[in-house]
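Visitor: Given next are the chains, with one letter for each unit.
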Amino acid sequence: MPRPGAVIEVDRNTPPVLFHFGEGIRLEKLPLGARIVYPPDPLEPIAHPERAIRRALAKPLEDDPLKSLLRRGMKLTIAFDDLSLPLPPMAAPDVRQLVMEEVIDMAAEAGIEDVHIIAALGLHRRMTDDELRHIVGDRIFSTFHPDRLYQHDGEDPENNVYVGKTAQGEEVTLNRRAAESDLVIYVNLTLVPMDGGHKSMSTGLASFRSIRAHHNAKTLLASRSYMNPPDSALHHSCIRQGQLIEDTVRVFHIETTVNNHAFPAIANFMQKRETDWTAQDQAMFLATKQMTDLAPPAFKRNVFHAMRAPYGLTAVNAGQVDAVHDKTLEAVRKQLNVQVEGQTDIVTLGVPYLGPYNVNAPMNPILVVCMGLGYLFNFYRNQPVLRKGGVLILTHPCRYEFDAVQHPSYIDYYDEVLADTTDPIEIEAKYEIRFAEDPWFRQLYRKSHAYHGIHPHYAWIWAAHAMQHAGDVIFVGGDRDVVHRLGFKAATTLEDAFEMAEQTVGRYPSVTHLRTPPIMLCEVE
Amino acid sequence: VPAFAVVKAAGGRPDVATSALSMLKLGDVPEPVLPARDWVRVMPSVSGICGSDLAAISGHISLYLDPLTSYPFVPGHEVVGVLDDGARVVIEPALGCVVRGIDPLCPRCAEGRPGLCYNVTAGPIDVGLQTGYCADTGGGWGEVLVAHPSQVHVVPDSLSDEAAVLIEPFACCIHAALRGGATKDDVVVVSGAGTIGLLTVAAVRLFTPPKRLLAIAKHPTQRDLARKLGADQVVAPSEAYQRIRFATAARRLDGMNRPLLLGGADVTFECVGRADSLNDAVRFTREGGTVVAVGMPGEEKVDWAPIWQRELTVTGAYAYGSEPKRKGRKTFDLALEAAAELPLEELTGPLFGLADYRDAIAYAMTAGRLGAVKVAFDLRGLRA
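As they're listed, the protein sequences go chains L and D.
Take the first sequence: its letter number 486 is residue 486 in the numbering used here, and every next letter is one higher.
Take the second sequence: its letter number 101 is residue 626 in the numbering used here, and every next letter is one higher.
No lab work stands behind these hints, which were simulated from the structure alone.
Take these hints with a grain of salt, some might be off.
[As the list claims (entries may be wrong)] Calculated cross-link-like contacts (lysine to aspartate or glutamate; reagent style DMTMM-like; alpha-carbon spacing at most 20 Å):
1) D:Lys753 - L:Glu416
2) D:Lys753 - L:Asp420
3) L:Lys75 - L:Glu180
4) D:Lys736 - L:Asp420
5) L:Lys75 - L:Asp147
Next comes chain D alone, as it looks inside the complex (with noise of 0.2 Å):
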């Protein structure tokens, strides 16, 4: 707790965010042990940092979670790794029923959502939504963690490293796709163009695709990518409105704080989880439109009266698990289908190991400016 003030007092600066008073230490811990017989070890090869770890990092998480999640635990939920027989894998991170051996599941889990499961404080393990925020599973930033066989998915051959530290997030991203139900008639915005909104534009892309896909990115590098990854158009967050009322026809009107369209986007995926985003999103999505918070938010202020008065449908998507409207595919595997159409190698880099943890934390705090998207940590030098 104090720690967490520290840095929540210092505005989630990354040099206290990694300074000796932060929560975040590099050093030898035991290594995990396995739950169960059936639990296997994983060597992470490359492992993502995501924007919920600097959240955490810097204080600006959700004390919601806090409950959630046991500690000490070694972050890193976005992992790319190898078993003790060579198979190359990425972690499902979900912490669900059948990974803590509840039976009967859960009723989420029944429905193949393990991100919903009640169980997360019972079974063998810690408390903990996902490996990588559990004390006893190991994370990602780390030489080893244990997973259950059902969190570990085989990676193809053609798959770089690289590429497959993608999987994780893309499977949310594909998970948010399918809850937002775009038709082929609307036009759908994706706010944010960090790994959560560039992996969401080529979810809504590839798996819903609509009339007209609007990306809002900030950086060159972001828009760019945007771009290549099946936007149709790219905004700068400050010609979101005039872009959006074009696209959709709308009629605008200029409020004392914001604008408001009347009319608007039919779904908007929220990917960036700050007040100014969110309550832009909820001003230019149309009245009974769909509202899809997807990248990790805060607590964060917001006005609901557009929420109220437009009845809209704000909607989380929060990880991933089976997808009823893909015949109940594990998103997993739709992610790991589609990743072979896409340059996801282009989004990740620049790749740091964990002694120079400080720099990488740094570096990813502010990648968007630098014209990164995803920096991870390269562990392959420690495993040999």
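The following block holds chain L by itself, in its conformation from the complex (with noise of 0.2 Å):
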């Protein structure tokens, strides 16, 4: 019977305690009192995953059976989520794939001939041949790729129709292919209760010009969290948008979740407590900190990114959209939630080396933000763990370290931007259009593999709740010109960091530490 989450109060027995620290870790002693908080064990998955895949499409939720709604000569559209989740990447097979070569089958029986598969991406990097091999699995790859499985493409002009506007004015526009189809069946993996439902088409098949609807400085200040969509203004707008969606096309929706057993068995110790640690994970440990202490950045990150998840199955849904995610976020609450007591002065967190946009590559400063102050700061739901005006800790290098591949728009807000201001309503007021329409960035998006021009800008206002809401931001162990530059405060030592925060939240400040990843959802009473 896996443990539920867990809050620890820190007495004189309790072991230090493990930081991410980007392509690194450490280990750091918390003040006595200071409350540290671990996921749940990873749940049981399913033993079976084709027949509980069978299972759901045979018997949907609020919708026929997926082969009744499959007919010959209908045009059929498959879309599937894109590598940014789950994270790490999972080991083969990807429970996509999984359900994918099902939805194929039963097509191929029904004598559809004409199928399409696009990697929903929305705004995304296009993925690598490899990359998106690693997702469908080689049978759908070889038949398919690349007339038939092929990558959204946010910015062809051709190939995205505007649908209209909702009651709120939000625009509207959806993949072509997709629009034109008699059925989309979106293949789903909901790793945080942020991704699935309505989000999937409306951003995953859509353009800046509807994505920006909600993908802006003001939504994302009005979600609260964005990890809880009940409360957020970007999961509202996407509804609205995905609702107008389901009214131009037929659309089938399956969402499976996996448990959230991140690490392999080399890295078991990053998965376990401290307390639980045995011997061996002690030594891996030590072998883990030596290699990472040493070794180039280069050679940690590769080690790091080629790490696979081993992922299960916990639940998979299929049928009408609504239906369908409510029963995924239950899934996912019922792996991630950890009940928390109250609010917290300080919160420490450990940034590690991957977020969903830098996948085989380096997180470069503005993904740490967006993953620190953005990703892991929201993993709550009512209210956040840290009190409002309290002080955020976080562990990384923050190296000033690009891909330019993957993240060229990222080096210009950083040193443009960034330089300017760091405020996302200034920036968007000032730059959005700039940043979306730059064509360079347009065709690095399209023919290469780089995120959208606008991307990074995404990736910063990610963070804007967490910066109105913390009233003071630390990084231990970051380039210092770097932190600054975000507009953050830099300490070398965690405790530095302690007595930085003392002149913001006063002496004896009470102290949260968020043992993540695994990544967890803190219900905060």
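Each chain sits in its own coordinate frame; assemble them with the hints.
Guide: Printed below as a string of structure tokens:
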């Protein structure tokens, strides 16, 4: 029986706790009385995923069985989530592969020939062939790629259609093939509550024109948090757009969830609480620490990015998007929820080497902010673990390091925009269109493997809520110039950071360390 | 020739370039004779050390200039000094037809471009493009030089000697800015932030203000001054392509040796004169754009393929004269007027006595790194 998440109070016997530090790790002693929040243990995975998938397709929620929707001569489009999740990438076979193989078999049985498979990457980067193959599997890749298995292009003027406007004036565009299909089957993998639902189609197969309706500072500031869809303006907007899409095209939604078994056996100590570490875990910790302390960044990156997570399928639901997504969220919360009592003056977090937007690339400073103040801070329901005006302390080396292929516009965003201002609202007013419409960024997004020109802004505003909420943000171990450019404070050690934090939250503050990843969702009472 | 060879072989090292083996000597020479009755004596107060002087001293200068020079000469063409009647003047060093008393004027001088004079070998004075490179005129690094009345411009009292010594290079830069002809819709790059680079920034800002003016500067003092003189953005040489690409929404391609932009700056003022900088300039200036060579280049290896393929207009900007785009006004007059608006004193210093010329030359050769821009000789003490 997997243990639920836990909140441990630090006493004299509490061992030092693991902090992620980019492509490194460190053990830190926390002050007596501090709390450590641990994620739940991985849920038991479904023993026979293929059977579960078949069952979900045969008995969908508030929709007809998939088989009955398939008919000879129809135009069928299968869309699926890109490599931004799960993190780290899932050990083969990916659950999306399993689902798609099932769907394609059913389509073949029904005699459907016109099948297109589209990676719904929205404004994310195009995947390499190997990355694509990893998600869909050899069989689908070799059968459909490249003519009938390809990646959405949100900047292709020919292949995006304007669907209309929501009652709130949000414009909606959609991939032309999807819009003109008799049926779109969306194959999703939900790792965190932000994923899935109407957001899948309304961002994954959309263009800047429609994505900007909700990917903006104002909406993000009104999403508290975007990890809890009912309280998220972002999701409300996506739902309105998604409903318009449902009026345009017949959609059959398939959502899967996985447990939080994020680390392979070799890195098992990252998965476990420190008190549970065996002699082998301790040895692996020491070996990993030694390697990450000494090895050059590129070597460490290669080692870390080669890791594949042994995620296990915990749920698969199919049918009408809202009905499906409710079940999905239930399954996700079951895996991620941890009850946390009350807020705290200081929250500490270790920012790991990987976030959704730097698969096979270094985590550049903007993505560090996106990960730390964006995703990790927002993993809460009700209210943030950090009290308003509290201090957020993060550990990450924050190097000036960018991948010119994946993140070309990030370099300019860092060098030009953040040198001017770090205020998300001001940035948006001054720079949104310039980055979105830069022809070179457009070309790199369309033809190379670059994130869309506007993407660094999205990464930045993902942290807008935390920036507004926290009284101070301190990076431990970060490059001083970089941290200052980001608008935050730099400390050499965690102790220094605590001392600096006293200026904001007073002496004897309450401290909570979120021991993540594996990810968790703090239900703060 | 042997001294030139020694210095060149030493790579222009300051200790060799100012040694007994070098071309540069400090000593007493006869005062230059007035070539004609209307010429005047000028007693230099402050005299700048120009990049071209350093190139000559260190053996980096192009040998193209050799037949255009007469030897021995007293260097120094950035000069503020006083006349016998006590008037403070700056010298316009070009030795064209008017100065040489040649009538009719050659076609270029007739156009008001004495820097391009055909007659620099004729007239009552020896060969030389400028005062400071002519055996008969003396130069700013001496106690007395002689000048034609057309060469002297009275300095307003409001302008200190330290500011006035920059009028000559500033006039060069104004001429360059006007030749570049940037418009208000252009993105302009000034590459290099020595004296010429910084003054070009100022000149472009004042005379042909563009949409955006980027300066490429290596050292912190240069960066600060470039901003102060009107650059919208100052970038390090290593980030030039990245920043210019963003400013112009160009496309960047990374080649085997160096990148290139498809699109890029409309006008680039190349103020370094070295191969690296020239090769970059022709790759980040847009197709059909203009590269103005302002900094004195030597014999540099430049890839002509971008110039050819991008149909660039590569133009030199040498000296000054009369500016047709300013109703034929003299560049020096424009410089003297505009100087009042600029913090030119901040660019000048340290000042050295002539006796310390070795230190002065060594300092000037590494001025950027040492936080200096215009190193100069202070000759006021000699006069007293």
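Visitor: Going through the earlier hints one by one, which of them does the structure break, listed in rising order?
Guide: none
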